[in-house]
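Number of protein chains: 2
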Amino acid sequence: MNQQQLFEQIQKKRSFLCVGLDTDIRRIPKYLTDTSDPVFVFNKEIIDATHEYAVAYKPNIAFYESLGWKGWESLEKTIVYLKSKYPEIFVIADAKRGDIGNTSNLYARAFFDHLDFDAVTVAPYMGEDSVKPFMTYPGKWVIVLALTSNKGAFDFQFLKDAESGDLLFESVLRKSQGWGTIENMMYVVGATKAEKLREIRGIVPAHFLLVPGVGAQGGSLKEVAENGMNSKCGLLVNSSRGIIYASNDVDFAEKACDAAKNVQLEMEQLLIEAQLV
Amino acid sequence: MNQQQLFEQIQKKRSFLCVGLDTDIRRIPKYLTDTSDPVFVFNKEIIDATHEYAVAYKPNIAFYESLGWKGWESLEKTIVYLKSKYPEIFVIADAKRGDIGNTSNLYARAFFDHLDFDAVTVAPYMGEDSVKPFMTYPGKWVIVLALTSNKGAFDFQFLKDAESGDLLFESVLRKSQGWGTIENMMYVVGATKAEKLREIRGIVPAHFLLVPGVGAQGGSLKEVAENGMNSKCGLLVNSSRGIIYASNDVDFAEKACDAAKNVQLEMEQLLIEAQLV
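Chains as they are written, first to last, in the numbering used here: chain U, 1 to 277; chain Z, 1001 to 1277.
Read the hints as simulated data drawn from the structure, not as lab findings. No residue lacks a Cβ here, since even glycine has one placed at the ideal position from N, Cα and C. Certain hints may be false.
Some chain U residues flagged as far from chain Z (calculated, every beta-carbon gap over 12 Å) [what the hints assert, rightly or not]:
id, residue
1, Phe7
2, Pro29
3, Thr33
4, Lys44
5, Glu45
6, Lys85
7, Ile182
8, Val250
9, Glu254
DSS-like cross-link-like pairs, simulated, lysine-lysine; straight-line CA separation at most 27 Å [stated by the list, open to error]:
id, chain 1, residue 1, chain 2, residue 2
10, U, Lys70, Z, Lys1083
11, U, Lys140, Z, Lys1070
12, Z, Lys1044, U, Lys70
13, Z, Lys1140, Z, Lys1232
14, Z, Lys1255, Z, Lys1077
15, Z, Lys1044, Z, Lys1070
16, U, Lys70, Z, Lys1085
Output of the computed footprint for chain U on chain Z, the stretches with three or more beta carbons under 8 Å from beta carbons of chain U [to be verified]:
id, region
17, 1058 to 1065
18, 1116 to 1126
19, 1154 to 1165
20, 1169 to 1182
The task is simple: from the sequences and hints, build the whole structure.
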């Protein structure tokens, strides 16, 4: 999928919502655990209930890995289901991978070749050769961690480079831009650091940003939009727990639908204000 | 396993070799691909042939993930085999994970609870709460990336902090020490940057270091030992391709045995020179 196609989906659905499929077997409704693949059944119900309001889904791979090979099987089934039933939806592997070039190649193979994800999140610590292998697949994207939504972001991401005066996350944004294009790179910028979004837009005006941290982590959607939107929206805002765990009972899909719709309505308003729809 | 037990294994085997199980289905002997689980069969043969000379094994998870759930099944079988047949061996998941605390918890569950790894490699970009969940398992270790062996290490790891004057990898070493102890933390330091090892020992004198990059990547074992050894050896030096792909034919296990033995003999000499055996 290219940038224009993603923007068209955003305009069509009047939404820039990404639903985080952080499916924890310990948190899904009890009655589902009698089925042969509760994680897949849960995901399928959530996807069917929310797809009208979401342009992207983002399984965090940790939740699947914690179940071993059975978790990977649930993940594979989820991606096959998504891609066959809703091919217009952008699907992100939130994997935060990154290794020497030779090995990052294999992670790219895992997520783009073996599975049919559209994008993978990658940590920048190991530099260019850990990120570039993900950009050799046409139409696929790498999403580089810049400024994350957690408390630990302050440990290293704000260190100031003596030479350029840039903070580490700014160095990451500046340097990594040269590795790809606005058609194959995005950045993770946490909603909990929304005040930084305006500065970040100064460095990467045209890239899409994947913004976690709205909802359970405390970030504000309005602030994110005001500081981070560009002429093609340029934002995918993720919500996980607020949607997928809106209810813990037989009505979980219905309540997830309501929660996703509420976020979509807020997003629609923000898109109208920005004259993008 | 605690630090003393690891040192005792090193003394007993007169080796600080870690064998990297970077098992690529496209590189293993062709005749194995007729078996129902070629990756596991290959690993089992390699382990049986080299275990006398190695104190640790390190599957790089990318190689298994690239095969989807079947790869995870091969990984699980490999770990079960290692832990039941050679319980004295230290087993490292080279996963380079790291996410917000809530999610790192799940990665810890994947590698320590679901699988029985002794250690996991973790990227430091997201800071303390991405690393600490791995330290809540008694006897288990987190291995934080400090200075990696690849070319991309120069992109960010050498940025100098304006306030402290530390390079980024030095900031990582200094700050992260406070998150754990020498009994649950190690660091990755690439052999290709052996000249930095002496400085690194100044910052982390007592921690074990996991050193990749000897062999195919060009690092020198002698230099690593001269600059990085401490009173409990303090080193696990990894070799992957040089051992597991020593031959591509029916004698692959035999040739892996020879290659591992050669490295062990060189290590024995270095341990004798350092008066550690």
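Okay, the hints, checked on the actual structure:
1. Phe7: holds, 28 Å
2. Pro29: holds, 19 Å
3. Thr33: holds, 17 Å
4. Lys44: holds, 17 Å
5. Glu45: The assertion about Glu45 (chain U) holds, with a minimum of 21 Å to chain Z.
6. Lys85: Correct as stated: the minimum Cβ-Cβ distance to chain Z is 20 Å, above 12 Å.
7. Ile182: Given a closest Cβ separation of 20 Å, the condition holds.
8. Val250: holds, 26 Å
9. Glu254: Correct as stated: the minimum Cβ-Cβ distance to chain Z is 26 Å, above 12 Å.
10. U:Lys70 to Z:Lys1083: Answer holds: Lys70 (chain U) to Lys1083 (chain Z) is near 21 Å, not above 27 Å.
11. U:Lys140 to Z:Lys1070: With Cα atoms ~24 Å apart, Lys140 (chain U) and Lys1070 (chain Z) stay inside 27 Å; holds.
12. Z:Lys1044 to U:Lys70: holds, 22 Å
13. Z:Lys1140 to Z:Lys1232: holds, 18 Å
14. Z:Lys1255 to Z:Lys1077: Between Lys1255 (chain Z) and Lys1077 (chain Z) the Cα gap is close to 23 Å, so the pair holds against 27 Å.
15. Z:Lys1044 to Z:Lys1070: holds, 16 Å
16. U:Lys70 to Z:Lys1085: Given pair Lys70 (chain U), Lys1085 (chain Z) holds - Cα atoms ~25 Å apart, limit 27 Å.
17. 1058 to 1065: That given contact holds, which follows from 4 residues of the region 1058 to 1065 of chain Z lying within Cβ reach (below 8 Å) of chain U.
18. 1116 to 1126: holds (count 4)
19. 1154 to 1165: Holds: 10 residues of the region 1154 to 1165 of chain Z have a Cβ under 8 Å from chain U.
20. 1169 to 1182: Holds, because 3 residues of the region 1169 to 1182 of chain Z bring their Cβ atoms closer than 8 Å to Cβ atoms of chain U.
In terms of the numbered hints stated before, the structure departs from none.
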